[in-house]
Amino acid sequence: MSQRVTIDPVTRIEGHLRVDVEVDGGKVKKAWASGQMWRGVENILIGRDPRDAWAITQRICGVCTTVHALASVRSVENALRLELPVNAQYIRNMIILAHAVHDHIVHFYHLSALDWVDVTSALKADPAKAASLAESLSSWSGNGKAEFGKVKERLSGFIGTGQLGIFTNGYWGHPAMKLPPEINLIAVAHYLQALEVQRHANKVVSILGGKTPHIQNVVVGGVANALAVDSQAVLTVERLLAVKDWIDQLADFVKNVYLIDVAVVGGSYPEWTRIGRGIVDYISVPDIPLDGRNTEFALPGGHIAGGDLASFKQIKTHDDAYFKDGVSESVKHSWYEGGKGPLHPYKGETRPQYTDFQDDGKYSWLKSPTFYEKPMQVGPLPRVLAMVAAGHQPTIDYATHALELVSTVAQTKVGIDALHSTIGRHAARAVACAVEVDELARQWDLLLASMARGDLRTFNKPVFPKGEITGVGIHEAPRGVLSHWIVIQDGTIRNYQCVVPTTWNAAPRNEKDEPGAYEACLAGTPVAIPDQPLEVLRTVHSFDPCLACAVHVVDQERQPVVRVRAA
Amino acid sequence: MRVVVLGVGNILLSDEGLGVRAVERLARAYSLPAEIAVIDGGTSGMELLADLEGIDALIMVDAIRAGAPAATPIRLAGEALPVFFRTKLSPHQVGLCDVLASLELLGRLPRHISILGLQPQSLALGMELSREVEDGMPALLGMIVSELALLGLAATPTGSGGI
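So the sequences go chain by chain: W and C.
According to my numbering, the first sequence is numbered sequentially starting from 2.
According to my numbering, the second sequence is numbered sequentially starting from 62.
Among these hints, one or two may not hold up.
[Unchecked claim] Across the chosen pairs, the derived CB separations fall in these ranges:
#1 C/E195 with W/A453: 48 to 56 Å
#2 C/L214 with W/A243: 30 to 38 Å
#3 W/T401 with C/L214: 40 to 48 Å
#4 C/G139 with W/P176: 38 to 46 Å
#5 C/G220 with W/A453: 22 to 30 Å
#6 C/G115 with W/D231: 26 to 34 Å
#7 W/A243 with C/H173: 38 to 46 Å
#8 C/G213 with W/A243: 31 to 39 Å
#9 C/E195 with W/Q490: 28 to 36 Å
#10 W/L310 with C/E195: 38 to 46 Å
[Unchecked claim] Over the 12 Å line for every Cβ pair with chain W, so calculated as not near, a few chain C residues:
#11 E108
#12 G139
#13 H173
Because the hints were derived from the structure by calculation, they are not lab data.
Owing to the predicted nature of the structure, the values given are computational and were not obtained by experimental measurement.
We treat Cβ as the ideally placed atom computed from N, Cα and C, and that holds for glycine.
I would like the entire structure built from these sequences, with the hints used as guidance.
Structure, rendered in structure tokens:
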């Protein structure tokens with residue numbers, strides 16, 4: 002007999018992502034992902050000055066402020082065919098990369114590791130054994146016996162007070178939790194160390210972005226950072242040296258802790274390399290531009306069909322017609338007025354039409370994007386596969402290294418095919434993070450080399466023509482392809498659509514009633530205890546769900562704000 | 062004594078952003094002692110960790126749904142603080158609550174935490190506050206000033222009104 006389980010919300014505080022699954026015979030048969038909150042920021046932008054759009058769109062979301070600022074400003078520059086000084090690109094690139102590294106570390110350690118790590122089991126660990134295990138895998142300085150002993154003590158004090166605090170409502174003791182106590186202790190220690198390390202990434206963003214949260218330095222035409230070799234008020238060599246120091250510390254953690262922890266978790270849960278495959282049509286876009294016109298990139302991207310790397314079709318520039326012509330969005334199953342079939346974002350409409358949650362009708366505020374009429378998966382996994390397919394050597398090296406580690410831990414040969422899975426998405430994110438932290442250091446070198454040549458330019462003035470122009474701002478954000486589409490009429494915004502990574506992945510069924518990525522990847526996921534659907538969360542969290550636009554109202558009336566209903 | 066006045070909320074959803082609007086106006090309308098940092102937290106999460114640790118007091122300003130008439134001033138502190146950072150489905154919903162929880166785990170939670178706010182009237186899309194909440198803003202600014210006074214800190218009006 003089948004059973005319906007509703008998890009609402011999956012993300013953040015209230016009312017964003019709801020996931021419904023139909024469980025039969027201990028497995029998910031059918032799934033629905035639903036965005037429970039209308040974003041509609043597009044409507045706010047209509048009639049405004051395109052130069053302000055980036056500041057407004059960065060408020061769409063709490064986690065990804067920076068990425069919307071960048072995609073937005075790129076859309077206006079694309080419409081204007083405006084060339085940027087390369088220094089502006091380097092500074093933006095460093096912000097993009099530092100933000101991405103921050104996002105990946107926080108996602109793994111603070112948002113999803115506890116799907117796999119049983120905190121309470123760490124109390125049974127032997128710190129000496131944990132240390133010898135950790136030291137056999139990595140030279141990280143925070144892996145000693147004394148460190149693990151201290152963490153165990155702190156944890157037992159914390160849990161001993163009866164206040165689990167941050168760990169409340171974890172699924173401790175769940176039968177799907179399988180790590181030995183020592184690995185759990187190592188993971189908890191690294192969880193705490195990651196809290197310290199993530200700050201370095203944030204500092205890089207705040208020095209370069211002028212302020213966090215909500216960076217201030219972006220302008221249409223470049224960045225507002227004045228570069229100087231010695232002045233106090235601007236970005237000086239001294240500040241840039243501090244930035245380099247933080248980058249080096251991040252790189253140490255990412256390569257010697259994060260990448261290894263993911264491989265250990267992956268190798269300890271080998272069955273999860275066969276769960277959560279779903280949609281294997283992937284899309285990513287090139288990013289980290291090396292020229293002022295967005296035609297050369299440090300990190301390639303493109304389209305992979307059917308999980309076959311040989312099918313890879315590269316997206317070469319931010320003006321590539323293959324990308325621009327391929328995207329459309331359907332609202333057949335979304336709470337908007339429709340009837341016109343899938344629309345290209347330049348023609349996109351955002352007219353709400355709410356009904357109830359209808360299993361076969363409308364059930365989400367998210368639209369359903371497709372690429373050449375097919376649903377896609379976006380995110381670090383598509384990014385890493387595209388970079389491998391494009392022959393990007395650093396990605397190939399880190400991916401090979403990660404898979405070798407997984408194979409060692411699992412004691413069986415694990416190949417690249419294992420990446421098409423729930424645990425594979427975590428592994429790919431760690432690989433992407435290692436590539437990105439190296440690229441961050443390289444962008445720093447490029448900026449300093451440019452300054453050393455005496456080039457201090459960071460801004461080209463935009464000129465808005467009469468008449469209608471259109472542009473797309475493309476960005477490979479931490480969660481995947483982000484595109485902002487703008488139509489400008491006589492210098493003001495006439496239409497604006499954001500097609501965000503979570504819209505691709507959390508999309509409801511499309512015009513042809515095909516499921517979105519979450520929905521497809523959940524099919525077949527085992528569920529041991531329906532009212533503790535840990536396995537469902539594992540797969541959804543592997544995507545790093547983040548429904549754009551966060552409501553932060555403190556709600557005194559309706560607590561608890563989370564419910565799991567198994568009926 | 063180090064104090065953070067943190068405005069949170071989404072300014073694209075009218076009254077949802079009243080916390081951000083309030084701290085913007087606070088910084089304009091008052092000259093504040095150096096130990097007070099005023100932060101526009103928007104809808105951020107872990108990015109705020111560094112700003113909120115090692116401080117003595119945190120005053121959060123936010124929209125508070127309490128089933129009260131629009132723009133009713135509300136203060137939550139001590140036992141009245143909602144357990145909103147404890148009741149979660151799983152420990153994965155990152156947000157301000159996770160920042161507070163992380164601080165708790167690190168043993169660096171501020172001694173004094175209070176949440177000040179108004180009952181929102183409208184959470185509709187838009188960058189303007191509702192008329193009711195707009196009218197309630199001076200009272201909210203007054204509450205923040207009183208809260209600071211409670212901590213022994215004086216805010217001096219600059220005369221620019223801030224509204």
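If you check the beta carbons of C/E195 and W/Q490, does the distance land in 28 to 36 Å? holds (32 Å)
Kindly confirm whether 22 to 30 Å is satisfied by the beta carbon distance between C/G220 and W/A453. Taking Cβ atoms as reference, C/G220 and W/A453 lie about 49 Å apart, which means the hint is violated.
W/L310 paired with C/E195, Cβ distance criterion 38 to 46 Å: Violated - the Cβ-Cβ distance for W/L310 and C/E195, about 57 Å, lies outside 38 to 46 Å.
Range hint compliance [Cβ, C/G139 to W/P176, 38 to 46 Å]: Given range 38 to 46 Å: holds, Cβ gap about 40 Å.
At the C-beta level, are C/L214 and W/A243 separated by a distance inside 30 to 38 Å? holds (31 Å)
Could you say whether the range 38 to 46 Å given as a hint is met by the Cβ separation of W/A243 and C/H173? Given about 32 Å between the Cβ atoms, the range is violated.
Hey, is C/G139 genuinely clear of chain W, shortest beta carbon separation above 12 Å? It holds; C/G139 is separated from chain W by about 15 Å at its closest Cβ, greater than 12 Å.
Claimed clearance of chain W by C/E108, with the beta carbon kept past 12 Å: violated (5 Å)
C/G115 versus W/D231 beta-carbon gap, inside 26 to 34 Å or not: Hint holds: Cβ distance 32 Å, inside 26 to 34 Å.
Using the beta carbons of C/G213 and W/A243, state whether their distance is inside 31 to 39 Å or not. 35 Å Cβ-Cβ, so the 31 to 39 Å window holds.
If you check the beta carbons of W/T401 and C/L214, does the distance land in 40 to 48 Å? The hinted range 40 to 48 Å is violated for W/T401 and C/L214, with Cβ atoms some 57 Å apart.
Is the Cβ of C/H173 farther than 12 Å from every Cβ of chain W? holds (17 Å)
The structure fails to meet hints 3, 5, 7, 10, 11 from the earlier list, while all remaining hints are met.
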